[in-house]
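Going down the list, the sequences are from chains A and B.
The numbers in our numbering rise by one with no breaks, and the one at position 25 of the first sequence is 25.
The numbers in our numbering rise by one with no breaks, and the one at position 87 of the second sequence is 87.
Honestly, the hints are just simulated from the structure, not real lab data.
Treat the hints with caution; some may be incorrect.
[What the hints assert, rightly or not] Restraint ranges, calculated between C-beta atoms of paired labels, are given here: (1) Ala43/B / Asp74/A: 43 to 49 Å; (2) Asn30/A / His91/B: 33 to 39 Å; (3) Asp48/B / Thr32/A: 38 to 44 Å.
Where a beta carbon is used, it is the ideal one built from N, C-alpha and C, also for glycine.
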Amino acid sequence: MKDKKAKKIVFRSADDMPTMVISIGSQTHNKTGAWRNIRPEIDLGRCLKCGICWKFCPEPSIEIVDEWPVVDYDYCKGCGICAEECPAKCIVMVEEKR
Amino acid sequence: MKKVMMGNHALSYGAMLSRARVISAYPITPQTQVVELLSEMCADGSLDARFIKVESEHSAMASCIGASVAGARTFTATSAQGLALMHEMLHWASGGRHPVVMGNINRSMAPGWSIWTDQNDSLSERDTGWMQYYCSSNQEVLDTVIQAFKVSEALMIPAMVILDAFSLSHTYEVVELPDQAEVDKFLPPFDPEIRLTPKDPHAFGGLTSPEHYFELRYKLEMDMQKAPALIEETGREYEKLFGRRLGLVDPYLCDDAGLILVTSGTAGSTARVAVDALRQAGVKAGNLRIKVLRPFPFEVVRAILRKAAKVAVVDRNISYGAHGIFYQEVKSALYGRPGMPPVFGFIAGLGGRDITVDTFKEVVDHTLGHEAADEAIVWIGVKK
Chain A
1 MKDKKAKKIV FRSADDMPTM VISIGSQTHN KTGAWRNIRP EIDLGRCLKC
51 GICWKFCPEP SIEIVDEWPV VDYDYCKGCG ICAEECPAKC IVMVEEKR
Chain B
1 MKKVMMGNHA LSYGAMLSRA RVISAYPITP QTQVVELLSE MCADGSLDAR
51 FIKVESEHSA MASCIGASVA GARTFTATSA QGLALMHEML HWASGGRHPV
101 VMGNINRSMA PGWSIWTDQN DSLSERDTGW MQYYCSSNQE VLDTVIQAFK
151 VSEALMIPAM VILDAFSLSH TYEVVELPDQ AEVDKFLPPF DPEIRLTPKD
201 PHAFGGLTSP EHYFELRYKL EMDMQKAPAL IEETGREYEK LFGRRLGLVD
251 PYLCDDAGLI LVTSGTAGST ARVAVDALRQ AGVKAGNLRI KVLRPFPFEV
301 VRAILRKAAK VAVVDRNISY GAHGIFYQEV KSALYGRPGM PPVFGFIAGL
351 GGRDITVDTF KEVVDHTLGH EAADEAIVWI GVKK
């Protein structure tokens, strides 16, 4: 599970920073779910628990919890691949209202 | 063991002896034989590596970067248009700090289509953050690949081992193949501190705000500045094991020389024939071959050239609207210090036109015939 409470990391000096461009904190505080215009909603009543949505999600923002898919809306960008690939067609993309 | 081989195969054997684990490449003349032989070595089991066939040089470098992140020693090779197509990925390799080693065969950029040598392909990538070694013999090519892996992996900076098309890539020379066990002593397996593994997940190359990007670049430059000393140190270590010194530059009769010809790549061997002839005629000439262009060996270049009365740089490349690139680099190394010699700049041999002893005779005549160097390019051998 992603650490939802992670704070923004600010390094004080170059020496404190890793050599490689890794884990400098942007992924934890930069919640890319805000980019989403349409959101996937899963009708679990028709879900086959096949895991195809989990496998295809490029982010990956679908987690399997007790065999059922759960969308992580903090990071889901609303690409719709899960809805496209779902064999039971139980995922629908719904317009975000903000 | 001694073996007669072409320069391209010296690159292949260098990668084999370095025990590269992943090779990903796309063929292009005059590089093809480099990866052809490596693919055969992978197929017959003499090299325990994964050979990845890709649809472009961009993908070749991308897959090398991916494999390097996963902790594999990676090698590829290309030329000219292929190198240009890799351009974006070259920044990814250096910026991400992935120590890929690549052979580049200097081939002139199209158009007009040319498969013959000049240096504008690799010099167009001068500022990508890669180390660049310009070689002048097949033996040096093989030795430098092994050394380049050691230096690159210590600093996490990628490197290009560069050789001239045809005058080295397809030319056969006797090459001493170092013993594998000795190479293993010199070059232990690549074992990066951080790697792509499910056990310790990281995001690589992620979004970097103005708060951190500057420092990442500063760190790259600070490590690049460690490279000259490390290249000299590993070059001495290599000499102890294999009897051949690998340095930043390769001076020939420079100590007492009044006139030093500065060259890179195979033009150096021709320059030395010219130097010998000049010495017989009573002109105290010398040749400084600059092997490593990035990092630029400021100190050693300065120390050698300061003793000369005149310096002539022969470039097989051009920065349009400016001058030859080695000329600019040499001038910047000498600028602002007292007592430095004037630097004359010449352009010769673009598009694979031969650089001959006569080329250097013209260079020397011009240099000795002029008191001061002027800023204009002096073209040698162009049909004006």
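Cross-check of the supplied hints:
1. Ala43/B / Asp74/A: 43 to 49 Å: holds, 47 Å
2. Asn30/A / His91/B: 33 to 39 Å: violated, 22 Å
3. Asp48/B / Thr32/A: 38 to 44 Å: The hint (38 to 44 Å, Cβ to Cβ) holds, given that aspartate 48/B and threonine 32/A are roughly 40 Å apart.
In terms of the numbered hints stated before, the structure departs from hint 2 and from no other.
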